[in-house]
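Undergrad: The listed protein sequences derive, respectively, from chains A and B. Numbering of the first sequence is given in my numbering, commencing with residue 1 and proceeding in unit increments. Numbering of the second sequence is given in my numbering, commencing with residue 337 and proceeding in unit increments.
Using 30 Å as the maximum straight-line C-alpha spacing, the simulated DSBU-like pairs for lysine-lysine come out as follows: (1) B:Lys601 to B:Lys518; (2) B:Lys687 to B:Lys605; (3) B:Lys369 to A:Lys336; (4) B:Lys363 to A:Lys336; (5) B:Lys518 to A:Lys231; (6) B:Lys605 to B:Lys716; (7) A:Lys295 to B:Lys687; (8) B:Lys369 to B:Lys716; (9) A:Lys190 to A:Lys324; (10) B:Lys598 to A:Lys336; (11) A:Lys336 to B:Lys480; (12) B:Lys518 to A:Lys295; (13) A:Lys336 to B:Lys370; (14) A:Lys228 to B:Lys518; (15) A:Lys85 to A:Lys118; (16) A:Lys336 to B:Lys715; (17) B:Lys716 to A:Lys336; (18) A:Lys224 to A:Lys316; (19) A:Lys295 to B:Lys716.
These are computed hints drawn from the structure, not numbers from a lab.
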Amino acid sequence: MAELMLREAILQTLFSEMERDENVVVLGEDIVGGMGTDGGPEAIGGIWGTSTGLYDKFGGDRVIDTPISESAIIGAAGGLGLTGKRPVAEIMFADFLGVCMDQIWNQMAKFRYMFGGKTECPAVVRMIYGAGLNAAAQHSQAPHGILTSMPGLKVVMPSTPADAKGLLSTAIRDQDPVIFLEHKALYAEKGEVPEGDYTIPFGHARLAHAGEDVTIVAAGLMVKFATKAAKTLSEQGIGCDVIDLRTTSPLDEEAILDSVENTGRLVVVDESPPRCGLATDIVSLVTNKAYASLKAPPEMVTSPHTPVPFARELEKAYLPSPDKIADAVQRTLAWK
Amino acid sequence: MKNIKAFTMPKWGIEMQEGTISEWVVKEGQSFKKGEIIALIETDKISNEVEAEFDGVLRKIVTPSGQTEPVGALLGVFGDTDVPDDEIETFAQSFEAADTGTAVGRNSDTKAYAPAETASPQAPEPAPPAISDTSFDNLNISPKARELAIELQVDATQISGSGRNGRITYQDVHQASRPEAKVDLGGALPMPVDDESIFASPLAKRLAAMNGIDLKGVAGTGARGRIRKEDVFALLPDASARPQASLAQNTDNKPQIVEMDKIRKVIAKRLTEAKSTIPHFYIRSDFDVENLLEFRRIGNKVLNTKASLNDYLIKAVGRALVEHRDVNVQVHDDKIHYYPHANVGVAIAAKSGLITPVVKNVDLMDISDISRATTQLIKKANSGKLGLADLEGGTLTISNLGMMGVDQFDAIINPPQGSILAIGGISRVMTEMEDGSGEFRSKLSVAMSCDHRAIDGAAGAKFMATLKSMIEEPELFF
Numbered sequence: 001m002a003e004l005m006l007r008e009a010i011l012q013t014l015f016s017e018m019e020r021d022e023n024v025v026v027l028g029e030d031i032v033g034g035m036g037t038d039g040g041p042e043a044i045g046g047i048w049g050t051s052t053g054l055y056d057k058f059g060g061d062r063v064i065d066t067p068i069s070e071s072a073i074i075g076a077a078g079g080l081g082l083t084g085k086r087p088v089a090e091i092m093f094a095d096f097l098g099v100c101m102d103q104i105w106n107q108m109a110k111f112r113y114m115f116g117g118k119t120e121c122p123a124v125v126r127m128i129y130g131a132g133l134n135a136a137a138q139h140s141q142a143p144h145g146i147l148t149s150m151p152g153l154k155v156v157m158p159s160t161p162a163d164a165k166g167l168l169s170t171a172i173r174d175q176d177p178v179i180f181l182e183h184k185a186l187y188a189e190k191g192e193v194p195e196g197d198y199t200i201p202f203g204h205a206r207l208a209h210a211g212e213d214v215t216i217v218a219a220g221l222m223v224k225f226a227t228k229a230a231k232t233l234s235e236q237g238i239g240c241d242v243i244d245l246r247t248t249s250p251l252d253e254e255a256i257l258d259s260v261e262n263t264g265r266l267v268v269v270d271e272s273p274p275r276c277g278l279a280t281d282i283v284s285l286v287t288n289k290a291y292a293s294l295k296a297p298p299e300m301v302t303s304p305h306t307p308v309p310f311a312r313e314l315e316k317a318y319l320p321s322p323d324k325i326a327d328a329v330q331r332t333l334a335w336k
Numbered sequence: 337m338k339n340i341k342a343f344t345m346p347k348w349g350i351e352m353q354e355g356t357i358s359e360w361v362v363k364e365g366q367s368f369k370k371g372e373i374i375a376l377i378e379t380d381k382i383s384n385e386v387e388a389e390f391d392g393v394l395r396k397i398v399t400p401s402g403q404t405e406p407v408g409a410l411l412g413v414f415g416d417t418d419v420p421d422d423e424i425e426t427f428a429q430s431f432e433a434a435d436t437g438t439a440v441g442r443n444s445d446t447k448a449y450a451p452a453e454t455a456s457p458q459a460p461e462p463a464p465p466a467i468s469d470t471s472f473d474n475l476n477i478s479p480k481a482r483e484l485a486i487e488l489q490v491d492a493t494q495i496s497g498s499g500r501n502g503r504i505t506y507q508d509v510h511q512a513s514r515p516e517a518k519v520d521l522g523g524a525l526p527m528p529v530d531d532e533s534i535f536a537s538p539l540a541k542r543l544a545a546m547n548g549i550d551l552k553g554v555a556g557t558g559a560r561g562r563i564r565k566e567d568v569f570a571l572l573p574d575a576s577a578r579p580q581a582s583l584a585q586n587t588d589n590k591p592q593i594v595e596m597d598k599i600r601k602v603i604a605k606r607l608t609e610a611k612s613t614i615p616h617f618y619i620r621s622d623f624d625v626e627n628l629l630e631f632r633r634i635g636n637k638v639l640n641t642k643a644s645l646n647d648y649l650i651k652a653v654g655r656a657l658v659e660h661r662d663v664n665v666q667v668h669d670d671k672i673h674y675y676p677h678a679n680v681g682v683a684i685a686a687k688s689g690l691i692t693p694v695v696k697n698v699d700l701m702d703i704s705d706i707s708r709a710t711t712q713l714i715k716k717a718n719s720g721k722l723g724l725a726d727l728e729g730g731t732l733t734i735s736n737l738g739m740m741g742v743d744q745f746d747a748i749i750n751p752p753q754g755s756i757l758a759i760g761g762i763s764r765v766m767t768e769m770e771d772g773s774g775e776f777r778s779k780l781s782v783a784m785s786c787d788h789r790a791i792d793g794a795a796g797a798k799f800m801a802t803l804k805s806m807i808e809e810p811e812l813f814f
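With the hints as constraints, model all of the structure from the sequences given.
TA: Quick look at the structure:
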């Protein structure tokens, strides 16, 4: 197995999926290098380098630089999907979601339903999200909660390079709109990535760390923090199951409930603010369906209910951290 | 000798004669603040924390941990740091047990107490609760939390609230009132082999890793062929198929030796004493509870209560006891105490061990009152909040093991009570009815153990007959 960075795994998957299926097209702002470039040294492949070389290999018909209009990008992706292509659109910062909300929420997510099941829209929207890189309030948000709440969308949040590959392959081959969320702070994360054709089904969580005392549920970058906390706690004899959700819609309820039924304690880690979010959703799932297993009230480790701060120290304080997660675990254990 | 105070063995309840210092929390020479725990003192019934009533310094420990002393005996001396050692010593030497207490037990119902010499035969008047409605006037606390704090006598000013803006919630008070949690940690597990080609749920992978099962090639029954925990369980070696003989030979069967904890020791001591000094005799009978079961169903609906069968038994026992004065007794050496009203003990298997709180004046209560009282006592027993007053005054205890599948058993009398009822399970028995036909009826097995020093066979039998008629015709309850 090759060791790749998460962003390399994404690029490699785009290559192989475009090779595998000629209907796969990629579109987004600057993914070639800006409108009018012919590839070559100028084709930088997007500001994140997740499309470098695609233009050279597949040409301008399949790798399309778009104007700076998220609404147009998603509109085009929706249309491409409806007419037989498999578009992979990139939203450079997930924060720009607001601009294309109608195209995602009212159009793409509803095609199958509103056309009586006669149409499908196999579109993937890659969005780069998350705080921690000091990119201020409009470039650091984690909107997975909003997206997860929309019926008709599948929402994917990989936390490792291998998962990025397996889940992106599945997303591109899926017949429904999929939002694929890539955390910018994970782009340089290295890990072994299986070679060849590799897919991971949606709705199946991963066990990132195993323990008997507390269940920690997380997704995306938070899995890394939760695993770090779990490793520290294991030195104190405290065992944590870390459930990496992989996809928030569909949600692997069985994995969460199985684990809580075993440990009796739940800590949910979520990068987004606490109200009406992923953490509250999972806490409500567990209190509804595994109440009798709980030995302590569930804990939520989330960012505060405020925009993401720009100042480095404040941003650090804003984000959940391994220390905060470990504290929450201790609180569930101290419950009398 | 100002600024020197004696710390004496407190008296909790009229029956308390002596107590044992189980632990000095404050060490010699150490200072303490008002409200801090000074020592833990055990009686033969409860273990209690003794709280300081003022700031001070413990200058001398007179009674070391583990030692038993009578009520009023000098346990330690409090004094300011500037008081010379020899003055403290002189005070201790010349002390005569007549001092008033300097501390209160945290869980005791009787806050005020007096040394042995001044103990009156009547129960001491309980002091007004230290924590009252006005204690939290300026505190950010929810109304329900305030009520609970007063009920449980929790000093809410010491709680940091978890609610919005630090508001103290009901849950915070409840937490503060409970002992420290002790968690048995299972610990971290070796990560299951993370072979991504194996399509299994997280728990299935973990179970497989724990049991050394290779999931390769296993067909799952979950969505899209995912291996679920049930699939792994199915792969575990069947216990009945194991080679039993070799397993038995190779299995180490060393006992785990555990010292009895304090409460278990007290239970052991008291029951040994009871069984070896009280002449028990037993009366057994089966009660037809067919009518009672139906009566309970309707009664609970009418009264809007959730009274248990045990609550109805308590009620019947209470009524029968006041009709049989000669059974409604306590035995104190060569004196018999006859009671006008019925106080019925209820044996509870609390987390800490067997405990028998008493429902008072049962004959005057209706069934919903009894249900409320027992629920309250069980709650207190489980949270370790029972005070001495909750445990005293009973004349008969009901011990019910029916719900555990026991058919019948005999119980040991809980002194100084005169008798105890052992309630077994309900069984369906073919019974001959008045018209000669046969019918399956629900029968409850009851065994009464009586203290023969005070209760004669005929008296016990008459009591049982009354109880039986009440249970079989529950309309007599009202």
